[in-house]
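Enquirer: One letter stands for each residue in the lines below.
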Amino acid sequence: MSATPMLEIKGLRAEIDGKEILKGVDLVIPTGEVHAIMGPNGSGKSTLSYVLTGREGYEVTGGEVTYKGKDLLAMKTEERACEGVFLAFQYPVEIPGVTGVNFLKTAVNAVRRYHGRPELDAMQFMKLARAKAKELGVSEDMLKRAVNTGFSGGEKKRYDALQAALLDPSLMILDETDSGLDVDALRIVAEGVDRMRGPERSMLVITHYQRILDYIVPDRVHVLVGGRIVESGDQTLARELEKTGYAQFQGKAA
Amino acid sequence: MTSDMDQVKALTDRKYEYGFVTDIESEFAPKGLNEDIIRFISAKKNEPDWMLEWRLKAYQTWLTMEDPQHWAKLNYPEIDYQDAFYYAAPKKKDGPKSLDEVDPKLLETYEKLGVPLLERARLAGVAVDAVFDSVSVATTYKGKLEELGIIFMSMSEAVQKHPELVRKYLGSVVPYSDNFFATLNSAVFTDGSFVYIPKGVRCPMELSTYFRINEAKTGQFERTLIIADEGSYVSYLEGCTAPMRDENQLHAAVVELVALDNAEIKYSTVQNWYPGDENGKGGIYNFVTKRGACRGKNSRISWTQVETGSAITWKYPSCILQGDDSVGEFFSVAITNNYQQADTGTKMIHIGKNTRSRIVSKGISAGHANNTYRGLVRFLPKAANARNHTQCDSLLIGDQCGAHTTPYIESRNSSAAVEHEATTSRISEDQLFYAMQRGLNQEEAVALIVNGFCREVLQNLPMEFAVEAQKLLAISLEGSVG
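If you read the sequences in order, they're chains A and B.
The first sequence begins at 1 in this note's numbering and counts up one residue at a time.
The second sequence begins at 1 in this note's numbering and counts up one residue at a time.
Excised from the complex, chain B in its bound form (with noise of 0.2 Å):
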């Protein structure tokens, strides 16, 4: 403990500067946010001068701009930033030893998701090298991956060994200056996922963080840029429907997509971090910058979520769709019990001609929850025929919660036609009885009813991942009715 202290007053005094990476033994940053950090950060990973300038550019903006507190629908106290660490290497002595040491409750929520065992010490945090190796997993991956030419590995990797792709793309979608939490991203991200698919090639198998996530931690501020080349196809699945150990409370990830002619994307993603308790104390404040680019014709992206975490979400993955005839997609569930709120959903910016982007949205709010839909599709000048359909649906548990929709419509081209149909709903106490008339308890009957109501969203993921996800919403509603 004392060796940490005097290691962080050791780097509170130094100056730091590119390239003395080799002297530094420390494994944090100090606390607090500032030039010196970045550079700590940029030295640590080793990165060449055009990364190191990047991020403090990002850091020179981000002084400028304001927490998006004040537009969306959310209530928390303001953040400190100065009072968080921004760079910890991977402490694996910190976790619990066995799954002995885990909270029993964590360890019930397994059960009840049927996490096998082995993947249960993972989760909790247990340091996973002395529990089980599946590093060899990982390894039969990318075997049959390389031969494709696939590449995907860790952004920190990616930036040693393909620094022309990187700098290429990243900040092409998002950049660094975008907004208050993106542009904190930039300057300061630690890890994350780089996935390039070569041109015609269709990734033979879905992509999963999972299969990396023995490498380093990716922390807090997490960074994803995927590249679809011209005719190829990925599906990646970002999250786990099993709640994370994680003591950090602020997260602000960043995700790009880069989809070229005729290529497709489709990310899905399960959002399961801790909700805080059931009168709203902790949680996780997660702040997600997702974008696409159709950046070619007949290009398509698909965003497929399911949000039950988090005590804050705020998070609008969107579609640029720039190639003509290129498509974009939502598909989003977002859950909210007790205190949680969450201000989500897309933004679809119609560009080329003959556009077309669809939008559906299930809000679930049990609890004293709050659950707004936030959506802008906007037409463009040039966006010829271009059409949109959107379909927002808010599902009450409840009489102490909260479900709010808010869309914006911006058209600039007369051909451009959108739709937008809305519904707000209770489960009835009619449903509840018929389901536990047919001996269905309660929680089972609620279950099954909320499922039906998700029923487009959770079809559009990947098989094994919807069956997870049902129970996952099961969950989450566990003692809301009644």
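So here's chain A without its partners, still in its complex pose (with noise of 0.2 Å):
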């Protein structure tokens, strides 16, 4: 579509607790393209993605990020989210007592607000939410418990892609999603995340193995290692890790 990509980091420097994490990431992720971040333990693939989504804790101390033309970094976590960048986590947090369909509708009205929409009643809400859960193969049932209280981890990670169902982000970061799956819900998870494939949404796949990488095909695939991008490629680079793993890298982030 336009020229501006949909995210521009430049030099991203970013530590916790004192420790720097990131040191001087350089990315670029046009609109429509899937990227995937593969890299091992500790090289700052968690990092990153609480640093484009603002999480508490997580210090920037260089370089700049843009999302579609904008300073991501001035923005406050809850508006980054309104503005359609979307973290699948890891592991999904629980919220006792709070349901899902509860939880949803005050995540969905609250993006509606930000853009001056009208907030959605309860029975419209309903009507959007069973159509997109029975898509994604989240039942009726998942909806009324508690938010992630009790669930098996692909559940969890369904109910996180019917989040991102209904919040119809522009930018999707999913932080190792395969974690906690079994071969078969990851297929189900990952077939129903790269369904939401567009040409006005970009992914950042971030992962360990190349496995996830088999049902959402990326368009770039870069390494991270040591806070550092170190290598950039296609789909074949993740191939080629699998084989040779990250040893190769280490030297190079020094």
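These are computed hints drawn from the structure, not numbers from a lab.
Heads up, a few of these hints could be off.
Said to hold, decoys possible - Under 7 Å between C-beta atoms, here's a sample of chain A residues computed to sit facing chain B:
hint	residue
1	C82
2	G97
3	T106
4	A110
5	V111
As the list claims (entries may be wrong) - Derived DSS-like pairs (lysine-lysine); straight-line CA-CA distance at most 25 Å:
hint	chain 1	residue 1	chain 2	residue 2
6	A	K144	B	K471
7	A	K76	B	K471
8	A	K19	A	K45
9	B	K161	B	K45
10	B	K297	B	K199
11	A	K10	A	K23
Glycine included, each C-beta is placed from N, C-alpha and C at the ideal position.
Two chains, two frames, some hints: make the complex.
Expert: Below, the structure written as structure tokens:
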């Protein structure tokens, strides 16, 4: 569509508790593209997702991030969400006593309010939610239960995918969505995410293993080691990594 | 002003005796507490002798009692009971003349709660008849209730119109000698509500103090008595989610419930009195005695309370489970923020066979507040197969507040069973981030999590009340995070 990329990260440095984790990340994701970030444990993958979404405790010490041409780092956590940045969590959090439906409705209406659109009432919302829930294999029962409370790993990820479907984000960040999923659950979730691909939506798929990329085939693959992107390529890079591991890059990062 | 002072002086110089009410013009009793003041109150209300005697006995007992400060986890300066007025007729002219004169902060709160415009004026203490007339609503209800033989009126009116019922039941659950504040209330109570549901009648609507709010203001020493005769049912709502304007710092109310065979009483409260400012200045002291007697077989009493207001809350709505197979329930949410203090809980006294009780208490502390659950479960020797289940959860917001749980369990029957569960948790950063990443701001996120925490209790409130209560929880915690 436009020449402005969805996301442009320049020289991003960030620390947590005074320890520098991101040491100058550069990355551009054009609108409509799916990029994958792979890397060993402790390379800064999750930190990158939290810095982009504005989690407390992650301090940016340098660089800039532009999202749809706007300064992303100047926005509050909830503003980023309302502007269409969505993080699919590695471990979705339990919120006892808050029903799945209520949480979804509150979120959807918060975003609508932000954009000056009228809020949905319970009836309108349920109609919308039921249709999407069915597509993603989220049962009515799950919607009535408390958010993520007592959900299996697969249920949590499906519920997260349902949130994404309802919030209709422009930039989806998937933080090791494959953790805690068996092969079948992984396929269902990944296929659900892949259906959300579109010319107006970009995705950043953060993963340890390449198997999720069999379902969500990325346009570009980047390797994050030691807080820097050390290598970029197309999907063949992911397969290569599966065989060779990250050891070859460890030297590069130092 | 001077005429008021003259009247006060005139009154202090006089001796009051029962029956001189006709020659008293004054709307005030002078400051202080003594037998004369009690005689004055009783005379003002044209009460029968037995009522006055009861008040005087209470007063004499009160003189020998001590403030409960020593055992409750509360801190407050000594109260000078001689430095207070115990009787003032409602003075409408004292209130603001219109909403323009009302504190904008208060109006902002009404706005957030979605209180209807006309309602706001009443709550803010604007002379009501000048603004609108809700009497018609009240009368419609009264007609319907009368048809069913339900008595719902002010305590003062009940003393006049149904003295036999009042005399039989008043003090039968909370005796005049019960405790410091209840005893004080017995001596000086000015008004309150009286409800009687006849045998076999199911009250078709929620009874609420709202419907008789235009009658004389009940003041700081409120007295409520509800009697559910055999096989009857009533749900009663007390209070209001919107903050009420009130100049009285000390409130000491008494509520007595009596459920006869197969009767059920549900009593719901939302208390949102002025909690004081963010530095702990001002605020209402709320010392309440609420107790229900499940006197009949298979009777049931449920207390549901949402306590968000007052600087100090001292309150233990209790059930005396006398009748075999009777059931007592207590569902409570108590929120304390800033410098608020709450010492609240319940007492379940199992006397009859197969009696059951359930306690669900949710305490939330933020700011520098202290929140204590204090609950007693007692099984007497005849309470064979009695059961209690207690669940006590505390939620902390921030690191300057405190949550305390003090359960007392006494069993004198070996077949009785008691279960007690308690948890303390914090709103986690994980939960907040998760909700905020979905578009909620921090306050919305806290409100959502807190409402989830309180769900078991809130779902016991009548529907509309529950919706209001949810909004109230959010408002009470504004500014408590970050």
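Enquirer: Now, for every hint given, state plainly whether the structure supports it.
Expert: Taking the hints in turn, this is what the structure says about them:
1. C82: holds, 5 Å
2. G97: holds, 3 Å
3. T106: Holds: closest Cβ of chain B sits about 6 Å from A/T106, inside 7 Å.
4. A110: With Cβ-Cβ at 4 Å, under 7 Å, it holds.
5. V111: holds, 4 Å
6. A/K144 with B/K471: This hinted pair holds, its Cα atoms lying about 21 Å apart.
7. A/K76 with B/K471: The given pair, whose Cα atoms are some 24 Å apart, holds under the 25 Å limit.
8. A/K19 with A/K45: holds, 15 Å
9. B/K161 with B/K45: holds, 13 Å
10. B/K297 with B/K199: OK: B/K297 and B/K199 at ~14 Å, within 25 Å.
11. A/K10 with A/K23: Holds: A/K10 and A/K23 sit about 11 Å apart, inside 25 Å.
Every hint from the earlier list agrees with this structure, and none is contradicted.
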